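> Based on the provided sequences and hints, a complete structural model is requested.
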Amino acid sequence: MTLLSILASVAGVSMGLSSIPQIYKIYLRKSAADISIVTHVIIVLGAFIWMLYGFEIKSIPIIISNFIGILTNTLILLGCYFYRDPNRY
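The numbering of the sequence shown is our numbering, which starts it at 2 and goes up by one.
For the record, the hints were derived by calculation from the structure and aren't laboratory data. Fair warning: this is a prediction, and the values are worked out from it, not measured in the lab. Careful: at least some of the hints might be erroneous.
[To be verified] Quick list of simulated restraints, FRET-style, between CB atoms:
| id | residue 1 | residue 2 | range |
| --- | --- | --- | --- |
| 1 | Tyr25 | Glu57 | 31 to 41 Å |
| 2 | Asp86 | Met2 | 21 to 31 Å |
| 3 | Val14 | Thr40 | 13 to 23 Å |
| 4 | Tyr25 | Leu53 | 20 to 30 Å |
| 5 | Gly47 | Tyr82 | 31 to 41 Å |
Beta carbons are placed, not taken as given, at the ideal position from N, Cα and C, and that holds for glycine.
This is the structure:
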């Protein structure tokens, strides 16, 4: 494994985990008032396609980093569902 592939793996996992502060904030405040649902749906769909590509080329770093992204952004979408503002729509 080259240094670049290690750095790319670390960056991919870090990007997948970057949503954790937002998840924490949603569940702490019990509010998802200013969260864009469309943005996170697009992120989940994109990460899913990348994960499928990772399976096709048998790349564990791509699979893992995008699985983490799917998981964390799905948690944001669940937070939006459970803590949405009923007066907003």
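> CB of Tyr25 to CB of Glu57, is that within 31 to 41 Å?
holds, 34 Å
> Kindly confirm whether 31 to 41 Å is satisfied by the beta carbon distance between Gly47 and Tyr82.
violated, 20 Å
> Val14 and Thr40, beta-carbon distance inside 13 to 23 Å?
holds, 21 Å
> The hint says 20 to 30 Å between Tyr25 and Leu53; measuring C-beta to C-beta, is that right?
29 Å Cβ-Cβ, so the 20 to 30 Å window holds.
> I want to verify a distance hint. Is the separation of the beta carbons of Asp86 and Met2 within 21 to 31 Å?
violated, 47 Å
Figure legend: structure checked against the earlier numbered hints; hints not met, in rising order: 2, 5.
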